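Following the hints, position chain B against chain A.
Each protein sequence line maps, in turn, to chains A and B.
In this text, residue positions in the first sequence follow my numbering: the first is 1, and each later residue adds one.
In this text, residue positions in the second sequence follow my numbering: the first is 167, and each later residue adds one.
The set of hints was computed from the structure by calculation and includes no laboratory data.
Since the model is a prediction, treat every value here as computed from it, not as a measurement.
Using N, Cα and C, we set each Cβ at its ideal position, and we do this for glycine too.
Treat each hint with caution, since some may be false.
Quick list of simulated restraints, FRET-style, between CB atoms [what the hints assert, rightly or not]:
| id | chain 1 | residue 1 | chain 2 | residue 2 | range |
| --- | --- | --- | --- | --- | --- |
| 1 | B | 281 | A | 144 | 35 to 41 Å |
| 2 | B | 272 | A | 126 | 27 to 33 Å |
| 3 | A | 24 | B | 262 | 50 to 56 Å |
| 4 | B | 314 | A | 18 | 47 to 53 Å |
| 5 | B | 263 | A | 57 | 44 to 50 Å |
Below are the chains, spelled out letter by letter.
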Amino acid sequence: MDVRREIRQFFFPSITPTFLIRVSSVALSAYLFFGYLCIPFSIRGSSMEPTYHNGGVNFCWRLRYLFSEPKRHDVVTVRFAGSKVMLLKRVIALEGEQVEFRNGKLFINGREIEEPYVRWPYHWNLSPRQVEKDCIYVVGDNRSMPIESHHFGQASKRRIMGVPLW
Amino acid sequence: MVKTKYLFIAALIVIVGIVMAISAFPSEERRVKKRFRLLSECVSKSTEENGLTMLQRMKEIGSLFDAQCELKVPDQSLSGSYTREEISTYAGSARSQASQLDLKFYDLRVAFPEKGVAKVTLTARLTGQSAAGERMDETRELECLLKKIEKKWLFSQIEVIEVLKK
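The shape of chain A in the complex, shown without the other chains:
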């Protein structure tokens, strides 16, 4: 009898002030955590294949760069006007560096950089360009498409929202 009452109490709790306070604090914490610190997002598009697949789900951890700066090969989310729509890209060059693609190979300051995450051969060519102050250069891992169709380039560091959790 007691067990049955406990089960009923679990699914249909009495609305007491303590219960209301508890529910409100859980709702508020969840809203703040998932709304501002660890934002859930779904991946649309194939620009980060095969590392991240179209239709995948992840979370954007916003505190990653609170005390540090983005490094080369980090995967970051870049915002547009807000956090509802973001770009998922990989950092390939940092401020002051010279970035260049030569026949499907990445060159930073004239030195070839290994990119183990790029699985499919590509033949991009991009003339050398300097990354401006307070900016990073981001590209997707999927470079099998023509260079004109791929959304990549220099972004302000202020636009970096965070990193995917996995």
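For chain B alone, kept in the frame of chain A given last:
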């Protein structure tokens, strides 16, 4: 107990009153946002759209713009000043090249730098399918200026903000 019941009813009446007042007398910000909702509805296109609806939508698109509207699009021949008729014709021709279109706006931030002028920063996402069957998916950050003319907020400038600079 009776007192609690009356208090609850009074609170409910106050809430309903506030909601009704907000919908009956929308703030300027809500009015501006409504223009974006209208633009989204007019540009979006379903596969079943007939010629009559298309003409009506073209006319409605024109009515959302100022007599002269400035478009600023980086690296595109589209930049310049256009009359509302030109915008309407251009939008109609672009719509006719697609079998299905869906324009959505996210993260709208409205500011009023001076009286009768609204500055809106937002993310616009256009998805759909071309008449040839190709998938479209374009996301851009926009900065729009709207002017209040004869009690209507009209688009007078649309600028595409470059998030990634190749």
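Verification of the hints:
1. 281(B) with 144(A): 35 to 41 Å: violated (53 Å)
2. 272(B) with 126(A): 27 to 33 Å: This hint holds: roughly 30 Å between Cβ atoms.
3. 24(A) with 262(B): 50 to 56 Å: holds (52 Å)
4. 314(B) with 18(A): 47 to 53 Å: holds (51 Å)
5. 263(B) with 57(A): 44 to 50 Å: Violated, since residue 263(B) and residue 57(A) (Cβ atoms, about 33 Å apart) do not stay within the stated range.
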